[in-house]
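A.B. asks: Kindly generate the complete structure, drawing on both the sequences and the hints.
Read off the chains here:
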Amino acid sequence: MSTSIFDHDHHFPGVELPSDIPAELLRKAPLNLPNPAELEVLRHYTRLSQQNFSIDTQFYPLGSCTMKYNPRIAHTMASLPGFARLHPDTPAPAMQGLLQVLWELQEWLAAVTGMAAVSLTPAAGAQGELAGVAMIRAYHAARGDHGRRKMLIPTAAHGTNPASAQMAGFAVVEIPNLVDGDLDMAFLDQHLGPDVAGIMLTNPSTLGVFERRIADIAARVHGAGGLLYYDGANLNAILGRVQPGQMGFDVMHLNLHKTFATPHGGGGPGAGAVAVQERLRPFLPLPTVGREGGGALRWVTEQELPRSIGRFSAHGGNIGVLLRAHAYLRRLGRVGVSRVSAYAALNANYLLKELQRVGYQAAFPERRASHEFILSVSDLQKATGIRALDVAKRLLDFGIHAPTIYFPQLVPECLLIEPTETESKATLDRFVAVMAQIRQEALEQPELLREAPHHLPVGRLDEALAARRLDVAAAQ
Amino acid sequence: MPYIPHDGLETAAMLAAVGVERLDQLFDEIPPTLLVHDMVLPEGLSEMALHRELEGRAMSNAPLRCFAGGGAYAHHIPAIVWEIAGRGEFYSAYTPYQPEASQGTLQVVYEYQSFITRLTGLEVSNASLYDGASGLAEACLMALRIQGGDKSILVPENLLPGWRRVLDSVLGLQQIRLVTVPYDRATGTLVLPAEAGDGAALIIPQSSALGLLEPVDALTDWAHGHGLLAIAVVNPLALALLKAPGDWGTQGADIAVGEGQPLGIPLTGGGPYFGFLACRKVHVRQLPGRLVAKTVDGQGREGFCLTLQAREQHIRRGKATSNICTNQGLMVTAATIHMATLGGHGLQQTAVLCHERAALLRELLTAVPGVSLPYGGPFFHEFVLRLPQAAVAVRDALLGHGLLAGLPLADWGMGEAGDLLVCTTELLEEVDLLAYRDALTAVLETL
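First to last, the protein sequences are chains A and B. All residue numbers for the first sequence refer to this note's numbering, where the first residue is 1 and numbers rise by one. All residue numbers for the second sequence refer to this note's numbering, where the first residue is 1 and numbers rise by one.
Hints are computed from structural coordinates only; laboratory data are not their basis. Positions of the beta carbon are idealized from the N, C-alpha and C atoms, including for glycine. Treat the hints loosely; a few may be bogus.
[Stated by the list, open to error] Some, not all, of what chain A presents toward chain B, calculated at C-beta under 7 angstroms:
no.	residue
1	Phe12
2	Pro22
3	Val41
4	Gln51
5	Gly97
6	Gln100
7	Gly159
8	Gly270
9	Ile319
C.D. replies: What follows is the structure in structure tokens.
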């Protein structure tokens with residue numbers, strides 16, 4: 001472990017507090033934060049940065065997270081002073097440059113998704129989901145259809161799906177997947193009815209395969225009066241090739257920090273723009289950007305869109321992230337966008353074949369991989385007791401970030417692997433060689449895996465102790 | 001091909017390994033009727049052309065001296081803050097679910113949590129929420145979980161209207177009733193509510209949307225006396241100066257929440273910022289969002305990991321304390337470096353400077369003929385001016401003088417037509433304040 005920032009402290013005399021503020025409103029004691037010197041701050045946080053894995057330093061085959069390269073030009077563009085210094089309440093005529101960027105991004109995301117309208121405001125995927133299911137609710141309510149309280153969600157869905165549906169006041173009904181990865185249609189039919197508001201799906205699903213009967217599902221859900229929600233987490237798989245709008249989805253969110261290459265930043269910020277078909281346009285979250293006849297751009301507010309589901313943040317959303325996504329899309333253009341899914345699929349299918357070649361078992365060997373795929377190490381567990389967690393931790397020793405593990409839960413001892421299109425064949429080949437070595441180690445020296453990682457600043461941490469002690473802030 | 005490294009030979013070798021001839025065949029499980037034929041997107045640009053186009057857009061946003069606040073504030077950000085936060089190891093890292101490979105981010109968040117607990121005087125801080133307004137909605141939901149049963153939230157009328165709209169949108173989905181607590185038209189500050197009703201919590205803003213400091217001790221005690229929780233809404237920079245929520249009244253506020261943007265986050269037209277949320281330890285299991293704890297590894301070495309994850313959606317799914325997953329990690333990294341760079345001393349100095357400049361500007365502007373001060377109470381760095389003309393027209397005219405003069409309360413449906421909320425930070429020096437006075441004098445003479 002590094003030293004703490006609290007180890008760097010220099011003494012300063014107290015600051016005199018203003019006399020025109022009543023004493024009972026002022027701090028009782030001086031603010032007890034450390035006073036390090038600037039060079040101490042610089043070294044401390046530079047050293048901490050060096051204890052992180054990151055895309056800039058490591059390969060991240062992290063399924064369902066789309067850890068692709070974050071082009072530096074996007075960061076440079078979002079940091080331009082003309083954008084960075086703009087106060088959110090600047091009148092529209094004085095921020096036309098920014099509004100132009102946002103308006104274009106709305107148009108482009110509508111084109112990419114095959115939807116009629118876009119709101120960029122949701123701050124992350126989960127907030128986009130909440131806005132999306134809130135629109136489904138508002139749509140039914142506006143038609144006087146008040147009995148639709150249920151949201152259908154596959155068992156394998158991201159945890160945010162049921163959590164968002166719950167937050168929007170729906171009761172969640174989970175639908176199982178069949179052994180080939182497709183949805184259980186018989187179960188779907190049983191549950192469709194006048195109490196169902198809609199269904200939330202990811203396609204390709206979290207199982208890494210394309211839901212082949214999506215048109216049929218859409219027809220059945222629409223036939224029962226429900227709407228279809230598309231979780232855009234896996235949009236990278238079909239970018240420029242299939243549009244959610246064309247698959248029959250009514251509303252969706254996009255994860256700009258996945259598909260559109262904005263950085264994950266160690267946990268955020270993301271951006272979870274929502275896109276809708278025409279019939280849901282009146283309910284979009286605000287503000288959106290509108291264009292007048294003469295070309296002038298303005299924020300669209302409640303006055304113009306009175307049936308909107310409202311606002312989910314104080315201003316226009318994570319605009320700095322939107323600027324980055326715009327720069328990425330503008331750089332790629334129409335042709336570049338279609339290449340994304342082609343090479344994401346090529347990398348995933350190549351990696352799947354190669355990992356099968358060195359002995360790993362695919363969860364859905366009969367299926368074409370999308371941009372990601374699932375391996376199960378149940379065979380290793382039976383033979384040696386080695387679990388997916390051990391394989392993941394051992395990968396860290398080789399300077400490769402662990403894949404997503406134990407998600408989706410219905411495949412035992414699973415690794416969900418997504419290489420993304422920005423990784424080269426050489427990187428993938430090295431990953432295969434490392435995975436082959438780890439498999440060998442599992443069979444010959446299983447303790448090497450069980451105790452991994454060996455070469456990082458810390459080994460496996462005692463998470464039970466962390467929860468019991470709950471040391472969540474430095475003692476004063 | 002931008003950002004795709006494959007050359008023709010590599011692509012061919014990989015296709016052969018997969019057992020197909022063309023890239024299109026990788027999509028052979030997708031029904032052909034679903035394939036895209038037409039997609040209206042522009043052609044791609046070189047990096048150079050992209051730079052030129054966006055620089056043009058950025059430069060068309062006229063640079064203005066910023067006297068606007070209302071929840072977003074123009075402060076100086078030391079150069080090292082984004083120099084370090086922009087390092088690839090922070091910028092392009094994933095959520096720290098693999099703690100051994102994420103000790104840098106995890107220790108930063110632990111230090112951030114430590115700083116926030118000291119600013120707020122509460123024991124636990126989460127690892128951030130999207131922004132202050134959505135953070136307040138989460139704080140209300142948290143208070144409702146703690147109190148149990150269907151209850152309402154008491155919301156001050158002088159809460160920032162943008163925040164109120166977020167509460168309406170988020171809490172409205174669960175049929176939670178919001179009861180408005182009015183402010184005294186003469187003083188601008190809150191009146192103790194007549195009754196608590198079935199309220200779960202009282203929201204107490206310090207300062208309010210009118211820039212005024214509220215009698216937080218009396219409000220907190222009133223809340224506790226009526227069985228309500230007290231939710232403090234605070235500016236983190238102001239807390240370098242003002243009483244910490246944990247010290248409000250006899251028992252202290254239960255939850256503190258606020259907009260973290262003043263701590264090193266650029267304005268960028270409204271985001272990304274971050275919401276902070278702190279609470280008493282007794283309520284930690286109802287806390288939304290990620291939380292980092294210190295622990296040890298098998299060899300007894302200290303390290304950090306995410307904790308109490310059973311509260312979160314990836315474990316608890318539909319029964320989680322919130323649906324939040326991605327938070328504002330990089331903003332928290334910048335804020336932590338910002339607070340460390342300024343230090344406790346620097347934060348206090350900055351807060352005092354903001355207040356002194358605001359006090360000076362208030363004096364200068366109220367000396368302009370026709371301009372008055374509707375509320376005389378204490379304030380931090382924002383105050384309401386009453387202009388003899390419509391504030392919207394004055395604000396628009398001052399744009400021509402290179403000033404964003406403030407926020408017309410009429411835009412929010414508050415106050416009178418002449419009311420303008422003005423903010424001053426350490427960025428504005430005396431010469432800027434004098435320029436504002438002169439420009440306002442000139443504009444009022446000609447309008």
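A.B. asks: All hints are to be evaluated individually against the structure, with a verdict given for each.
C.D. replies: Here is how each hint holds up against the structure:
| no. | hint | in the structure |
| --- | --- | --- |
| 1 | Phe12 | 4 angstroms, holds |
| 2 | Pro22 | 6 angstroms, holds |
| 3 | Val41 | 5 angstroms, holds |
| 4 | Gln51 | 4 angstroms, holds |
| 5 | Gly97 | 4 angstroms, holds |
| 6 | Gln100 | 6 angstroms, holds |
| 7 | Gly159 | 4 angstroms, holds |
| 8 | Gly270 | 4 angstroms, holds |
| 9 | Ile319 | 4 angstroms, holds |
Violation of the numbered hints given earlier is absent; every hint is satisfied by the structure.
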